[in-house]
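Novice: Here's the letter readout for the chains.
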Amino acid sequence: MLRLHKGWGMGRAVLRVAPHNKKADWGMAYRLGGPCVLALLWAALPALAQGASAQAGATRKQEQFETRLSPSPLTDGTRINITGEGRAHAELDGNKLTVSADFHGLSSNATSAEIYDGPGIAIPGPKAFDLTVTQGLSGTVSGSVTLSSRQVASLRRGHFYVQINSQKAPTGNLTGWLLPPHADPGQDVPVAGPGFLPQFAVPAK
Amino acid sequence: MTMKKIFAISLLATALLGTTAIALDNGPFTADQAGAGRGLYAGNCAQCHGAGLQGAGEAPALSGATFIAAWGNRSTDELYNLIKASMPYGNGNSLDADTYRKIVAFVLAANGAKPGATAFTGAEKIKIAGIADGKMPAEMAQAAPASGGGGGQRPATSYPPGRFGLTVAGSLKSYDPVTDQMLAHPKDGDWLMYRRTYQGWSHSPLSQITTANVKNIQLAWSWAMNEGGASQVTPIVHDGIMFLSNTANTVQALDAKTGELIWENRIGPAPTRAYGATRALALYGDKVFVPTTDAKLYALDAKTGKIVWQSVIEDAKEGYSNTGGAITIHGKVLVGLTYCNRYETKHCFISAYDTETGKVAWRFKTIALKGEPGGDTWNNLPDEFRQGAETWIAGTYDPELNTTYWGTAQSKPWTRASRGSGNGATLYANSTLALDPDKGTLKWYYSHAPGENFDLDEVFERVLVDHGPSKDLLTIGKVGILWKLNRVTGKYEDSAQTVFQNVFDKFDAKTGEPTYRKDIQSAKIGDWISSCPGPAGGHDWPATSYDPKTDLLIIPLHQSCVLMRAEPMEKKIGVGGDAGSQQLFEMPGTDGNLGKLAAYNTTTMKALWSFQQKAPFLTGVLTTDGGIGFVGDFDRRFRAFETATGKTLWQTRLPTSVQGHVVSYAVDGKQYIAVESGLGGGSPVGKPTTLMPGVHHPNNGAAIFVFALPDN
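If you read the protein sequences in the order shown, they are chains A and B. Read in order, the letters of the first sequence correspond to residues 1 to 205 in our numbering. Read in order, the letters of the second sequence correspond to residues 1 to 712 in our numbering.
Wrong hints could be hidden among the right ones.
[Said to hold, decoys possible] Under the rule of at most 30 Å between Cα atoms (straight-line distance), these lysine-lysine pairs were calculated in the DSSO-like manner:
1) LYS518(B) / LYS127(A)
2) LYS257(B) / LYS303(B)
3) LYS168(A) / LYS614(B)
4) LYS127(B) / LYS168(A)
5) LYS606(B) / LYS647(B)
6) LYS127(A) / LYS370(B)
7) LYS187(B) / LYS365(B)
8) LYS443(B) / LYS365(B)
9) LYS524(B) / LYS257(B)
10) LYS168(A) / LYS524(B)
11) LYS670(B) / LYS303(B)
12) LYS127(A) / LYS670(B)
13) LYS125(B) / LYS127(A)
14) LYS549(B) / LYS647(B)
15) LYS439(B) / LYS168(A)
16) LYS524(B) / LYS127(A)
17) LYS370(B) / LYS443(B)
18) LYS439(B) / LYS187(B)
[Stated by the list, open to error] Selected chain B positions facing chain A (Cβ under 10 Å, derived; list incomplete):
19) TYR80
20) TYR175
21) ASP176
22) PHE504
23) ASP519
24) CYS561
25) ALA599
26) THR603
No wet-lab data here; the hints were simulated from the structure. For each residue, glycine too, the CB sits at the ideal point set by N, CA and C.
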């Protein structure tokens, strides 16, 4: 039995999106020789989620995104200062993005939190927005911003990431790329297909 | 503030800065520290980084222009923290702080930093380029520390003292010489080569242990193995005798039913690295073939363990090694070569030796030089600066086509910017090579990652599977793309993505040729560039298993990413290394699960099932006709799972990380499962060590464990 990530007020939203995750077959292997079906699905899935929401009778189109916050890029030498974990949740309502997160386990007090807009999933990019963060070793992050249409597209492609900075890791302590919610079956529990498999690639040549 | 005060403050600031500048001429350490550090370096570091701090293999240079290029803009406390946290390799923080301080002092001094009056504490934030220029003082160069054991503390990875040679004499009662026919059609109870069959399936036809009774298996016997170095063993079993390769190129013949030792030959030398394991022995005729970590090939008498002949593959003093094992075909033993990452007039190659005499039969050079086919794929680099394309996994073989298939590693240094290879494909790096095993001639090649840029090898196993009339070859590399080629022609057939990747952004639908992201193509020295997966893969040396009953390829996968920075590499003969700095991070969408096991149908190339877990897998997979798979992981867990579903059926925990290659064999009608617990290795061990500091395993515990059903 699959269980879903527990987030901040996301239970209903996740349950709306999850059936479409299944329909779209997130776990489908990316076939390099075929057309860009999966890449298009990747870009279109949040919109499908919107459609599901509408079908379910919701009055507003909301898209959900989430991520685990994990240590920012580190080495054996820097990991002593780059510790902790957390979860972030984002909801897109029209072009308004609301972000919330919690975190714990930092080695030094958090100093700032931001949303970045990278050129691709797991590729660092420029800062887009500031968020509000608890100035402590644990706490919460919150913020609400208005996105341009380009930024909405970027978010839907998985290019947005949340970053928490701290006193000892001022250029990145915790990081997480905002991706569509996905089921977590738990440790060692087999699922059909390859599991959640974000797609980076664009259409074949 | 008055102008006078501002002027006075300026004067004071200038004076302070001046004082700082003068202080920077001297290093933040004393001569005593550097002197003491010499022996400590010899005892703890020189094994991997070299007596002259020149670096070798995956161990970077700790002196010279390469070191200054990588570390000049970084600070002394960074160097100290990195060394303390991660060294000796795999055993970070295992030495006392004062030892680390002295080693850092020695390294700085070896790069031209002058001792000062104040002892180094490790906390000094001094830019290294401000105190060191990479030029080793003449007196230090002349008195370079001996490699290993130079009076310092014994490193945790060292090999226990003992004599070498035939240390336990004995003789098998009988031995049935291994023939081509036996290799092509092994007895069900035998495991005659690296991945059991020429096709590289890692599958056993034994079926006594089933999905129903596997929960009852228990330990039949175990045998402690050499500690030190890296161990990723494949036990080889023939007629109830297990030939076991330990570190230090030690080979043992054991009774596979009881674990009784029959003979032992400690060929040596002692391990010089905590990575670079000997993964497999090979059998042919009445001999056992041992490709050693010092790049030699030995033939032992299978009955007695005595050396029959030895042949030098390449000069180990220049860093060359063999880790990939061997394959025997038509009276020849074929071996690869690794650590070809220095600028030399020589290049990496696959070679074949007569099994009776050890005489070289042929060599196939894996680098295309100027004027040769493919020689125009190196951006016109001089031949001596075209390196890499190691073969550190033994090939497979199709007897019907009389073709042997080998994968090659990436070109060196790792990044395009460091190599200066432009966007050239750097053939025959990261390719599948189809060779005639009798002549060593190239039949075809396929370049999986033209112009690789991140230490993402495509060197791993080539699995040969027929789908009706279609003769296919399957392989998967660190990017995590599962490739299917026609093994007659080398033509691309299909592929599938198994983990998240962001390295390629286009693929040619007909040829499968990938295109690297634009920022990768234009990256310069000093740029931090993202790569998912990182250097642990995707897929790495823990091999796949093909189950012919279900047409499933079970693939151990690793999920982490890297930011890699290209470092400059001095274009000079003898200089070498990988020249890539790394920062590791979690792969998006994996929720911190580094480990993933996935089953792909090789006809449809679709995943049937997969599961994730925190710890990455460190063994190859074994499947059997009992419908069971076996796999072990970094967190000491060894499990049996149902091949068709991935459901765990049985598991236990072993003393340390479970790594190597799981095998199954039978003696007197009883099926056994053998697996190793052990240590050492490159990225598959190093990356989780960095990313999962909360997962602990002992720094010893190398042993072979053999499981079976109870007799009753």
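Novice: Compare the structure with each hint and give your call.
Specialist: So, going through the hints one by one against the coordinates:
no. : hint                  : result
1   : LYS518(B) / LYS127(A) : 21 Å, holds
2   : LYS257(B) / LYS303(B) : 17 Å, holds
3   : LYS168(A) / LYS614(B) : 27 Å, holds
4   : LYS127(B) / LYS168(A) : 19 Å, holds
5   : LYS606(B) / LYS647(B) : 18 Å, holds
6   : LYS127(A) / LYS370(B) : 46 Å, violated
7   : LYS187(B) / LYS365(B) : 35 Å, violated
8   : LYS443(B) / LYS365(B) : 14 Å, holds
9   : LYS524(B) / LYS257(B) : 57 Å, violated
10  : LYS168(A) / LYS524(B) : 28 Å, holds
11  : LYS670(B) / LYS303(B) : 23 Å, holds
12  : LYS127(A) / LYS670(B) : 63 Å, violated
13  : LYS125(B) / LYS127(A) : 28 Å, holds
14  : LYS549(B) / LYS647(B) : 17 Å, holds
15  : LYS439(B) / LYS168(A) : 60 Å, violated
16  : LYS524(B) / LYS127(A) : 23 Å, holds
17  : LYS370(B) / LYS443(B) : 20 Å, holds
18  : LYS439(B) / LYS187(B) : 29 Å, holds
19  : TYR80                 : 8 Å, holds
20  : TYR175                : 42 Å, violated
21  : ASP176                : 41 Å, violated
22  : PHE504                : 6 Å, holds
23  : ASP519                : 7 Å, holds
24  : CYS561                : 5 Å, holds
25  : ALA599                : 9 Å, holds
26  : THR603                : 13 Å, violated
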